[in-house]
Amino acid sequence: MAVPKRKMSRSNTRARRSQWKATPATLSTCSKCKAPRLSHQACPSCGAYGERTYAEAIRSDA
Amino acid sequence: MPTPTKGPRLGGGPAHERLILANLATALFEHRRITTTEAKAKRLRPLAERMVTFAKRGDLAARRRVMTVLKDKGVIHVLFTEIAPLVADRQGGYTRITKIGPRKGDNAPMAVIELVLEPLSPKQSTVAEATAATKRASKADKPAAAPVEDAPVEEAPVEEAPASATDEATTEPAEEKAVEADSK
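These protein sequence lines map, in sequence, to chains Y and E.
If you read the first sequence in UniProt numbering, its first letter stands for residue 1, the second for the next number, and so on.
If you read the second sequence in UniProt numbering, its first letter stands for residue 1, the second for the next number, and so on.
Simulated from the structure, these hints should not be mistaken for laboratory data.
A couple of the hints might just be wrong.
Okay, the calculated beta carbon distance ranges per label pair [what the hints assert, rightly or not]:
#1 THR26(Y) x PRO46(E): 27 to 37 Å
#2 HIS40(Y) x ARG32(E): 20 to 30 Å
#3 GLU38(E) x GLN19(Y): 27 to 37 Å
#4 THR26(Y) x ASP106(E): 17 to 27 Å
#5 LEU19(E) x PRO24(Y): 38 to 48 Å
#6 LYS71(E) x ARG16(Y): 50 to 60 Å
#7 LYS7(Y) x ILE97(E): 45 to 55 Å
#8 GLU38(E) x PRO24(Y): 14 to 24 Å
#9 ALA130(E) x GLU51(Y): 17 to 27 Å
#10 GLY13(E) x GLU51(Y): 39 to 49 Å
#11 PRO46(E) x LYS7(Y): 50 to 60 Å
Remember, it's a predicted structure, so these values are computed and weren't measured experimentally.
For glycine and all other residues, C-beta sits at the position ideal for the given N, C-alpha and C.
Turn these sequences into a full structure, and let the hints steer you where they fit.
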């Protein structure tokens, strides 16, 4: 079984982990209620998707 | 026909997936609109639309094909007698999937899949009429135009060949326009 030959230094570990970055969500604005929402998804604040409304999409905890 | 699904099945295996999809389809035709995960909604869509196509055909053979998937005869009856007439004018696209964001417990992306039961919009029906009309018109034109094109070529030997070529060049774009109008 292959095993690491050397201990990995704290510096190397942290240098690797410094590349773990979150990307900003691509938000758009709801045309009905002007709240931010994700593209191609029903609005989480008013449930609107185009002309239709989806009550299932409304999130109060968000 | 949709592309066969690659990768692992839903649930534990092929039989489990068939059961899951059959139950989802039953629920969809019973309630007209269900909330499920995006992956399940996407797998359900081709199956449900095939069931609607069978329902629109409406004969006993189609009903038996549907009964191999859906096990609830009440739901099959509703599908054949109530849902099929509502989508009679629609040429496919009987379901609609709308994403509604991740679920709270496991952050699974959720979606609403619903039957598209509203009548075709007046715009779509006029577009269909217009394309049918242009198709009829172009069919009427083409037999009339063909002899006119042939006649100069037969009568005029070598000297008018360039002229007939230009005639063809002028007629060709018109035909192309007609073809484009058909495709629209």
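Structure-based check of all given hints:
{"no.": "1", "hint": "THR26(Y) x PRO46(E): 27 to 37 Å", "in the structure": "holds, 29 Å"}
{"no.": "2", "hint": "HIS40(Y) x ARG32(E): 20 to 30 Å", "in the structure": "holds, 23 Å"}
{"no.": "3", "hint": "GLU38(E) x GLN19(Y): 27 to 37 Å", "in the structure": "holds, 29 Å"}
{"no.": "4", "hint": "THR26(Y) x ASP106(E): 17 to 27 Å", "in the structure": "holds, 23 Å"}
{"no.": "5", "hint": "LEU19(E) x PRO24(Y): 38 to 48 Å", "in the structure": "holds, 41 Å"}
{"no.": "6", "hint": "LYS71(E) x ARG16(Y): 50 to 60 Å", "in the structure": "holds, 53 Å"}
{"no.": "7", "hint": "LYS7(Y) x ILE97(E): 45 to 55 Å", "in the structure": "holds, 51 Å"}
{"no.": "8", "hint": "GLU38(E) x PRO24(Y): 14 to 24 Å", "in the structure": "holds, 22 Å"}
{"no.": "9", "hint": "ALA130(E) x GLU51(Y): 17 to 27 Å", "in the structure": "holds, 24 Å"}
{"no.": "10", "hint": "GLY13(E) x GLU51(Y): 39 to 49 Å", "in the structure": "holds, 41 Å"}
{"no.": "11", "hint": "PRO46(E) x LYS7(Y): 50 to 60 Å", "in the structure": "holds, 53 Å"}
Hint violations for this structure: none, all hints satisfied.
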